[in-house]
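**Q** Below, each chain spelled out in residue letters.
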Amino acid sequence: MLDIRNLQARVGGGADILKGITLTVNAGEVHAVMGPNGSGKSTLAQVLAGNPAYEVTGGTATFDDRDLFGMQPEERAQAGLFMAFQYPVEIPGVSNAYFLRSAYNEIRKTRGEEEVDPLEFLDIMEKNLALVDMEPSMMNRSVNSGFSGGEKKRNEILQMAVLRPRLAILDETDSGLDIDALRIVAEGVNKLRRPDNATIVVTHYQRLLNHIVPDFVHVLSAGRIVKSGGKELALELEEKGYDWLETPAEAVA
Amino acid sequence: MSSSIENLVNREYKFGFVTDIDADTIPAGLGEDTVRAISAKKSEPAWLLEWRLKAYRRWTTMREPHWGNVRYEPIDYQGQVYYSAPKTGKPLGSLDEVDPKLREAYDKLGIPLKEQQILAGVAVDAVFDSVSVGTTYREQLAKLGIIFCSLGEAVREHPDLVRKYLGSVVPYSDNFFASLNSAVFSDGSFVYVPPGVRCPMELSTYFRINAENTGQFERTLIIADQGAYVSYLEGCTAPKRATNQLHAAVVELIALENATVKYSTVQNWYAGDEEGRGGIFNFVTKRGKCAGANSKISWTQVETGSAITWKYPSVILQGDNSVGEFYSVAVVNHHQQADTGTKMLHLGRNTRSTIVSKGISAGQGNNSYRGRVFVGPKAARARNYTQCDSMLIGNRCGAHTFPYIEVANDTAQVEHEASTSKIGEDQIFYLQQRGISKENAVSMIVAGFCKDVFKELPMEFALEAQQLLGITLEGSVG
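Top to bottom, those sequences are chains A and B.
Once you know that position 138 of the first sequence is 138 in the working numbering, the rest is easy, because the numbers rise by one and skip nothing.
Every number in the working numbering is 253 more than the matching position in the second sequence, counting from 1.
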């Protein structure tokens with residue numbers, strides 16, 4: 001589904017933050033990307049989603065055999081790539097319901113499907129709100145405006161549930177969440193796992209992976225994947241920290 | 254990519270066509286003879302000619318004001334044509350007699366004069382250049398005693414009302430542009446709603462400037478008698494022209510005791526091209542008077558067009574407990590300049606006013622809010638709330654706020670809140686990541702920013718306004 005080869009990228013014309021990432025994600029898989037602060041794991045998420053602040057300086061990526069870096073951010077979204085933001089953005093004056101219905105209809109249009117009207121969409125919403133334990137009244141509030149940290153993250157998962165992406169990238173979704181919110185978010189993600197979709201979980205801490213159990217764990221350090229393994233690698237990291245991986249990373253460089 | 258917020262407005266002006274109709278035009282230039290000629294063409298009574306001439310003589314002693322935060326080449330007042338009426342030959346008995354080319358022009362603008370409007374429940378008094386060419390719904394309104402016609406017709410049919418109220422809110426000596434209008438006004442709309450009558454439909458006029466180099470000088474007069482209610486919609490579009498066109502309108506609203514007047518405008522006149530060539534110069538005086546106790550006047554405006562906008566819809570709060578409101582969205586792009594705002598003059602006791610202004614600047618546009626809140630010595634317990642927000646798109650545009658607050662009564666409460674924000678790359682990316690195109694993302698963010706104003710617009714206008722914003726800002730984010 002996603003095939004990344006030797007990806008290099010930077011932000012704001014600085015030095016490369018990603019220095020050659022190669023990663024393959026197949027349908028039905030959950031990959032965890034872990035690493036210390038500054039290792040480039042959020043940059044990887046942003047680059048895949050197409051944030052214009054980031055610049056790809058080398059390498060390729062294909063998403064369902066399409067050239068990912070040749071697609072606008074909205075085209076990637078329409079093709080089924082979804083990123084749950086680490087810092088969901090506030091859009092004052094735009095209701096959550098209107099925003100999400102617009103996104104839903106854009107994606108339907110690219111699939112050649114009929115747009116849904118507000119009433120039909122209400123039904124779709126109701127089914128999904130329960131998944132993330134959200135009150136229907138949240139839909140009438142402005143997008144993320146005045147939401148608590150936990151509400152913002154649940155709102156991200158709600159959007160994911162409604163938009164049903166092929167590939168979901170969760171960018172540090174666990175940051176700033178208390179344990180209850182973490183559980184709600186993780187349960188939401190787990191319920192959305194299907195054989196035909198895939199998830200990349202970007203996280204600093206192992207604790208989210210107690211709830212969302214990955215098939216593969218990759219450790220990023222200084223812009224490279226320095227170690228890959230199964231779910232037990234996350235536990236090892238929790239125990240030993242990241243320090244033991246830093247040296248080999250530098251040695252490779 | 255970091256400068257990716259620049260450039261969103263490149264669609265051709267959709268309404269840029271010229272209708273080829275024989276126009277009955279008087280030569281360019283302005284003097285007493287011009288004023289007399291206009292008055293004669295309209296077969297006006299002597300008192301009105303006198304009024305026009307007083308205005309003209311006053312105007313010759315006045316100087317064009319330059320305190321506005323706008324820059325433009327000097328206007329050649331002698332180079333303007335002050336009267337142009339489509340030739341119709343004889344008075345129109347029904348809409349079917351309207352020149353087919355005129356009808357076509359209206360159709361292009363999406364203003365069907367007949368069935369569609371009837372279906373939509375909107376009565377239309379269409380002003381094409383200077384003379385009203387057709388009015389619908391007159392009979393239904395007449396049954397309720399409501400008068401809705403052109404001002405010229407009102408002068409003939411209801412001279413007492415016109416004479417009583419014309420210039421009662423905006424005197425002929427008020428300001429340079431208002432005096433000019435008083436001298437040469439061509440036509441406009443007239444509304445009178447009798448005591449206790451609630452006008453059952455939104456009254457609507459579409460203005461359109463057509464003949465080249467014809468300044469359009471409409472004058473609108475709306476009177477809500479005691480306990481009456483009326484909501485009036487004004488929509489404006491103009492064909493594309495290379496030269497700047499002068500537009501100096503006057504609107505007067507009068508609300509007597511317990512009456513309410515709601516006046517909504519969507520202004521989409523030609524703004525000039527991307528280099529700032531052409532476009533309408535819009536110097537407008539709009540003012541309402543809450544003459545009676547418990548009366549209310551509410552202005553809502555969405556200003557997306559014109560090269561220069563100079564406009565301050567105001568309310569004189571004379572009656573005790575009267576209420577004034579001003580809700581405004583002003584958008585500038587490319588080289589557009591807007592200096593707009595309001596005046597709330599609190600004279601009566603317990604008078605209240607609300608000002609909500611949303612300014613959006615893109616391209617090299619320059620947007621200024623200018624507002625005056627005055628509380629007179631007798632206006633005990635007067636209250637004003639002002640909220641003034643600016644949004645910047647790109648880094649070559651400007652947003653300015655000039656609030657003037659004068660309070661002469663120490664029981665008054667005046668609040669002013671202001672904010673300036675830049676449209677965020679992060680907001681646009683967030684919406685794009687959900688599958689929404691960049692242009693739609695900008696429209697959505699801007700519409701959200703303007704929500705407090707849009708919700709004051711009648712339903713059918715709110716949608717149109719939102720679409721206009723999208724069109725105006727197209728290409729402002731690259």
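Please note that a few of the clues may not be correct.
[Unchecked claim] A few chain A residues that face chain B, going by a derived Cβ cut-off under 10 Å, partial list only:
(1) Gly58
(2) Thr62
(3) Glu90
(4) Glu106
These are computed hints drawn from the structure, not numbers from a lab.
All C-beta atoms, glycine included, are put in the ideal place defined by N, C-alpha and C.
**Q** Using Cβ atoms only, decide whether Glu90 of chain A comes closer than 10 Å to chain B, and label the hint accordingly.
**A** holds (8 Å)
**Q** Taking the closest Cβ pair, is Thr62 of chain A under 10 Å from chain B?
**A** violated (19 Å)
**Q** Min Cβ distance, Gly58 of chain A to chain B: is it shorter than 10 Å?
**A** It is violated, given that the least Cβ distance between Gly58 of chain A and chain B is near 17 Å, above 10 Å.
**Q** Let me know if the C-beta of Glu106 of chain A comes in closer than 10 Å to any C-beta of chain B, holds or violated.
**A** Hint holds; Glu106 of chain A Cβ to chain B Cβ min 4 Å, cut 10 Å.
In summary, the structure is inconsistent with hints 1 and 2 from the numbered list given earlier, while agreeing with the others.
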